[in-house]
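Asker: Read off the chains here:
There are 2 protein chains.
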Amino acid sequence: MIDALGYAAKHSFSRLKPLEFQREPAGAGEVEIAVLFCGVCHSDVHQVKNEWSNTVYPCMPGHEIVGRVTRAGDRVTRFKTGDLVGVGCMIDSCRSCPSCQAGDEQYCEGPNSWLATYNGPMLPASKATTGENIYGHDNTFGGYSDVLVVREEFVVRIPDGLDPAAAAPIQCAGVTTWSPMKHWGVTAGSKVGVIGLGGLGHMAVKLARALGAEVTVFTRSPDKEGAAQAMGATHVELEKDAKSQLEKMAATAGRFDLILSTVPEKHDINPFVVLLKRDAALVIVGALEPMAPVDNQQIAFHRRSVAGSLIGSIAEQQEVLEFCAEHGIAPDIEIIPIQEINTAFKKIESGDVRFRYVIDMASLAREKTEA
Amino acid sequence: MIDALGYAAKHSFSRLKPLEFQREPAGAGEVEIAVLFCGVCHSDVHQVKNEWSNTVYPCMPGHEIVGRVTRAGDRVTRFKTGDLVGVGCMIDSCRSCPSCQAGDEQYCEGPNSWLATYNGPMLPASKATTGENIYGHDNTFGGYSDVLVVREEFVVRIPDGLDPAAAAPIQCAGVTTWSPMKHWGVTAGSKVGVIGLGGLGHMAVKLARALGAEVTVFTRSPDKEGAAQAMGATHVELEKDAKSQLEKMAATAGRFDLILSTVPEKHDINPFVVLLKRDAALVIVGALEPMAPVDNQQIAFHRRSVAGSLIGSIAEQQEVLEFCAEHGIAPDIEIIPIQEINTAFKKIESGDVRFRYVIDMASLAREKTEA
Chain A
1 MIDALGYAAK HSFSRLKPLE FQREPAGAGE VEIAVLFCGV CHSDVHQVKN
51 EWSNTVYPCM PGHEIVGRVT RAGDRVTRFK TGDLVGVGCM IDSCRSCPSC
101 QAGDEQYCEG PNSWLATYNG PMLPASKATT GENIYGHDNT FGGYSDVLVV
151 REEFVVRIPD GLDPAAAAPI QCAGVTTWSP MKHWGVTAGS KVGVIGLGGL
201 GHMAVKLARA LGAEVTVFTR SPDKEGAAQA MGATHVELEK DAKSQLEKMA
251 ATAGRFDLIL STVPEKHDIN PFVVLLKRDA ALVIVGALEP MAPVDNQQIA
301 FHRRSVAGSL IGSIAEQQEV LEFCAEHGIA PDIEIIPIQE INTAFKKIES
351 GDVRFRYVID MASLAREKTE A
Chain B
1 MIDALGYAAK HSFSRLKPLE FQREPAGAGE VEIAVLFCGV CHSDVHQVKN
51 EWSNTVYPCM PGHEIVGRVT RAGDRVTRFK TGDLVGVGCM IDSCRSCPSC
101 QAGDEQYCEG PNSWLATYNG PMLPASKATT GENIYGHDNT FGGYSDVLVV
151 REEFVVRIPD GLDPAAAAPI QCAGVTTWSP MKHWGVTAGS KVGVIGLGGL
201 GHMAVKLARA LGAEVTVFTR SPDKEGAAQA MGATHVELEK DAKSQLEKMA
251 ATAGRFDLIL STVPEKHDIN PFVVLLKRDA ALVIVGALEP MAPVDNQQIA
301 FHRRSVAGSL IGSIAEQQEV LEFCAEHGIA PDIEIIPIQE INTAFKKIES
351 GDVRFRYVID MASLAREKTE A
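Chains as they are written, first to last, in my numbering: chain A, 1 to 371; chain B, 1 to 371.
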């Protein structure tokens with residue numbers, strides 16, 4: 001067994017604290033990874049506080065991981081010791097359902113859906129139709145730790161030229177906005193709206209711009225206007241003044257090919273639905289909960305859709321990393337030591353982060369030395 | 001001017017009563033039609049009672065019309081006196097916006113959207129951004145009348161072999177379910193769910209079956225089970241017993257390529273969303289109002305969509321009439337004299353109709369003789 005150290009919460013109301021635990025050494029087809037950096041996603045906060053009512057404790061978050069391979073298990077073909085690699089939200093899936101066979105592991109239809117990097121299977125045995133747990137894990141410990149062991153199909157390569165710390169959030173915030181833009185066909189000249197300018201939103205803006213789209217940001221934070229423009233947003237609409245917002249929106253009604261909602265909680269999407277072109281979709285990638293009622297008149301009259309999209313496939317995770325390397329795109333990050341994680345969580349909840357915290361896992365080593 | 005007679009409501013709380021009025025004679029490009037039959041759509045009830053808050057009075061409904069051309073105006077090229085023709089929900093559109101140019105007049109983006117067969121422009125001047133009314137009508141009188149005058153681009157041909165009375169509802173109930181099935185790619189082997197087995201629902205079942213799809217009906221009326229099976233539904237799931245419903249649904253979870261909600265009012269679609277395959281859509285064609293909140297977790301986890309669709313194009317109206325003639329499909333109708341329209345409205349509201357009332361407009365002539 002590998003002695004490991006991470007930061008975990010023991011209850012929904014507890015702070016993250018150091019936790020010593022053990023990981024199985026790399027078996028056949030698996031690699032051991034020394035974690036260098038781990039992004040802090042808003043979903044980490046939701047999960048730690050059991051806001052989706054599915055948290056398994058102790059909860060050790062972290063699914064935006066960059067590290068270095070320290071050992072490759074038997075029959076590993078794609079990675080060797082020393083490789084700079086990434087791990088995102090998934091570390092396994094059933095690998096046999098139609099979605100997995102189509103390379104869309106994030107939509108795995110196996111009895112337990114996919115295996116999350118932390119918090120275990122998306123459908124735990126207790127909720128699976130079969131009552132089975134094909135992964136044998138009720139819980140998994142994520143990237144807020146010094147070491148990970150992951151099967152190689154769920155490990156990606158960090159391309160040369162990407163800052164390893166900045167590469168971390170691309171694997172969730174990046175791919176979560178990349179995947180729907182590819183699926184709904186964003187291309188040069190597309191008009192894309194982005195609701196919310198946080199971790200996901202700011203990556204959506206950068207990626208859409210690099211794809212050649214014209215991007216409009218909808219934010220309630222007037223102080224983010226400059227940042228949005230610097231990232232390439234052509235228009236910035238402020239949501240704060242409802243009246244001017246509606247007037248502005250009326251002027252642009254019907255113009256978007258795709259609107260992504262990156263807001264991490266329930267909100268009213270009706271003011272945005274009316275801004276979609278015929279046959280265009282508003283895709284919710286930020287919130288996983290019941291949304292406010294949607295007026296079907298505005299949907300039906302232009303054959304619009306409200307859809308959702310979940311992270312992206314492993315292939316898309318690799319693809320967006322390469323796209324970022326090629327186009328010189330990176331998230332705006334603030335590097336913190338893991339000892340500041342509880343403060344960071346509070347700032348994320350109050351929206352006081354620009355735009356992604358990334359934990360420098362070297363800070364964890366200090367703790368080990370002290371222990 | 002043409003002296004005309006129809007049935008109209010003067011207020012939201014009044015019964016439909018005979019109303020004498022005048023129509024402009026056919027101008028260039030227009031045809032005069034003697035109305036033979038007119039279907040009674042649930043939307044007629046909504047409109048008469050001002051349930052969408054947009055009714056103009058007097059309100060003379062009727063948009064499932066079959067009649068005979070009695071005169072063709074100048075420059076009419078497609079129709080001549082004696083032709084058996086149909087008119088559906090639309091009698092004009094801006095004819096220049098991208099949607100109209102694409103042959104999707106039902107999604108007209110002109111200042112007043114399309115011109116409805118009754119109740120005037122979809123966007124009246126008071127609600128149009130420009131304040132204009134490109135049609136010059138604040139109100140239009142529909143097919144609950146003896147004569148119509150319509151420009152020929154919005155008139156379709158009733159194919160030989162279709163019963164004229166049964167052809168009437170195909171132009172709304174038929175095309176409204178046909179259009180989304182074509183748009184979302186229903187084909188042989190598709191698995192289609194139909195929520196509600198009324199005027200729209202029963203046409204959806206027949207059309208989907210004729211396209212080669214496997215059809216499941218969701219209805220709260222156990223006494224409609226036999227009818228659904230006779231129409232070709234392979235499965236009939238009853239919504240009445242919530243527990244058995246959920247058990248049955250769990251067994252079929254994730255199996256539908258398309259689900260059409262034909263229920264003409266707000267309802268909870270969440271139990272149906274979970275039955276969609278990855279990338280599949282639930283399309284609402286029955287209700288034009290805010291729907292119950294939808295859980296985005298069930299949407300995002302399989303990249304599902306909730307969409308809406310509005311009637312169909314004129315080309316699709318012609319297409320579905322021909323498809324019905326070719327496949328021997330017709331709605332199940334009950335022919336009534338117009339004098340029974342108020343009773344029919346009550347039965348539609350209580351769900352006590354199988355499956356479409358069609359007014360035999362010969363009954364109106366009796367009234368004229370008496371007058």
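Source of the hints: derived by calculation from the structure; they are not laboratory data. Treat the hints loosely; a few may be bogus.
[What the hints assert, rightly or not] Derived lysine to any residue pairs resembling SDA-like cross-links, with alpha carbons at most 20 Å apart:
#1 B:277 to A:111
#2 A:266 to B:270
#3 A:127 to A:56
#4 B:277 to A:266
#5 B:266 to A:290
#6 A:277 to B:95
#7 A:266 to B:292
#8 B:49 to B:95
#9 B:277 to A:184
Asker: Are the hints correct? Go through all of them and say.
Answerer: Okay, the hints, checked on the actual structure:
1. For the proposed pair residue 277 of chain B and residue 111 of chain A, the alpha carbon gap of about 15 Å is at most 20 Å, so the pair holds.
2. Taken as a hint, the residue 266 of chain A and residue 270 of chain B pair is honoured in the structure, with Cα atoms around 16 Å apart against an allowance of 20 Å.
3. Among the hinted pairs, residue 127 of chain A with residue 56 of chain A is consistent with the structure: their alpha-carbon atoms are about 13 Å apart, no more than 20 Å.
4. A C-alpha spacing of about 24 Å is found between residue 277 of chain B and residue 266 of chain A, which places the hinted pair above 20 Å, so the restraint is violated.
5. About 16 Å separates the Cα atoms of residue 266 of chain B and residue 290 of chain A, which keeps this hinted pair within 20 Å; it holds.
6. About 17 Å separates the Cα atoms of residue 277 of chain A and residue 95 of chain B, which keeps this hinted pair within 20 Å; it holds.
7. Distance hint between residue 266 of chain A and residue 292 of chain B is fulfilled; the C-alpha atoms sit about 14 Å from each other, no more than 20 Å.
8. Between the alpha carbons of residue 49 of chain B and residue 95 of chain B the distance comes to roughly 31 Å, so the proposed pair goes past 20 Å and is violated.
9. Our distance criterion of 20 Å between C-alpha atoms is met by residue 277 of chain B and residue 184 of chain A, whose separation comes to about 17 Å.
Of the numbered hints given earlier, the model fails hints 4, 8; all others are met.
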